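*Asks:* Line by line, the protein sequences give chains A and B.
Sequential numbering from 1 applies to the first sequence in the UniProt record's numbering.
Sequential numbering from 1 applies to the second sequence in the UniProt record's numbering.
No lab work stands behind these hints: they were computed from the structure.
Some hints could be false.
Keeping only pairs whose Cα atoms sit at most 27 Å apart, straight-line, the calculated DSSO-like set for lysine-lysine is [as the list claims (entries may be wrong)]: (1) K20(B) - K46(B); (2) K20(B) - K140(A); (3) K46(B) - K11(B); (4) K11(B) - K140(A); (5) K77(A) - K154(A); (6) K154(A) - K11(B); (7) K140(A) - K46(B).
In this text the structure is predicted, and so the values were computed from the model without any measurement.
Here is how the chains run, residue by residue.
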Amino acid sequence: MRIGVVTFPGSLDDRDAARAIRLAGADSVALWHGDHDLHGVDALVLPGGFSYGDYLRAGAIASLSPIMTEVIDAANKGMPVLGICNGFQMLTEAHLLDGGLIRNEAGRFICRDQGLRIENNTSDWTTGFSANAEIVIPLKNGEGSFMASAETLKALEGDGRIVARYIGGNPNGSLNDIAGVTNARGNVVGLMPHPEHAVEAGFGPDTDTAMASGVDGLVFFTSVIAQALVSR
Amino acid sequence: MPTIVVEVMPKAELLDPQGKAVAGALGRLGQTQSALATVTGVRVGKRFEISIDGEADAATLAAVRELADTVLSNSVIEDVVGIHVQNAPSAAVV
Chain A
1 MRIGVVTFPG
11 SLDDRDAARA
21 IRLAGADSVA
31 LWHGDHDLHG
41 VDALVLPGGF
51 SYGDYLRAGA
61 IASLSPIMTE
71 VIDAANKGMP
81 VLGICNGFQM
91 LTEAHLLDGG
101 LIRNEAGRFI
111 CRDQGLRIEN
121 NTSDWTTGFS
131 ANAEIVIPLK
141 NGEGSFMASA
151 ETLKALEGDG
161 RIVARYIGGN
171 PNGSLNDIAG
181 VTNARGNVVG
191 LMPHPEHAVE
201 AGFGPDTDTA
211 MASGVDGLVF
221 FTSVIAQALV
231 SR
Chain B
1 MPTIVVEVMP
11 KAELLDPQGK
21 AVAGALGRLG
31 QTQSALATVT
41 GVRVGKRFEI
51 SIDGEADAAT
61 LAAVRELADT
71 VLSNSVIEDV
81 VGIHVQNAPS
91 AAVV
């Protein structure tokens, strides 16, 4: 399986995402924001960072990049797309996911290991998790507070489209403790925390058994690879 | 050369952490400057000045309105609160 990672001006975590993809067992393909070409990939990751310096709104200018025409088209045809942090912001700006992200409630940038409950394990990126699995992956952002209208929120909750919820305290004021959502089809997922930073022992969050040994994030990537094999 | 001004504010019902931080600083100044003691809140928004070549006619204004609703603001978190035409880019208030 080939998974593309799009690099935008100001992307920071594109190489970490590519590495996570390789560790999960797929080939990573570097894609460029200015191209109109997905190079035949089977799935896509929009990585974290501060594309265009977060000018206008976080993810807004990137969502208008040339490659987003192809990304939106592929997503609407069912290609698995994972937006992490700034990538999540892009997906909301591109209207591929509902809601929007605003500045953290306390006004501060937050960087910490964050507990999450995976509440939807049927999306293309979460099938490897057991029901209501509790995981820990890093959270690092300044604008991670998830907002949506009461109507949208009701639909997200009612349809089971909340992929991940913060546990152990809401870090940023997100409505209903929402850390990640999916679309109706379950192929597009947006997450504020960073699974690609918890994929290799020695470099992940601390666990009860050993320092920096948390690899919970790897499951997002192995899930999409397993999904691709099933649907083939 | 007319300039079309578009003003965007965070939705009133959403918390505006940026405005809150500014209000907090003004509150601290208010302890020493009595004129600021009456400030009860601050909200921070954005102002875009769009320079155009030619007349700001109805079609151009309609196009800017569309741009304001779809690109310059995100209706999930923001509202367009004003669009108006002025004859030149803004200069300092004297």
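*Asks:* All hints are to be evaluated individually against the structure, with a verdict given for each.
*Replies:* Hint by hint, here is what the structure shows:
1. For the hint linking K20(B) to K46(B), the alpha-carbon distance of about 16 Å falls within 27 Å, and the restraint holds.
2. Distance check on the hinted pair: K20(B) and K140(A) sit about 22 Å apart at the alpha-carbon level, within 27 Å; holds.
3. At roughly 12 Å between alpha-carbon atoms, K46(B) and K11(B) fall within 27 Å of each other, so this suggested pair holds.
4. Proximity of K11(B) to K140(A) is assessed by CA-CA distance (about 25 Å); at most 27 Å being required, the pair is judged to hold.
5. The straight-line distance between the Cα atoms of K77(A) and K154(A) is roughly 25 Å, inside the 27 Å bound, and the hint therefore holds.
6. For a cut-off of 27 Å, the pair hint linking K154(A) to K11(B) stands: about 19 Å separates their Cα positions.
7. The straight-line distance between the Cα atoms of K140(A) and K46(B) is roughly 25 Å, inside the 27 Å bound, and the hint therefore holds.
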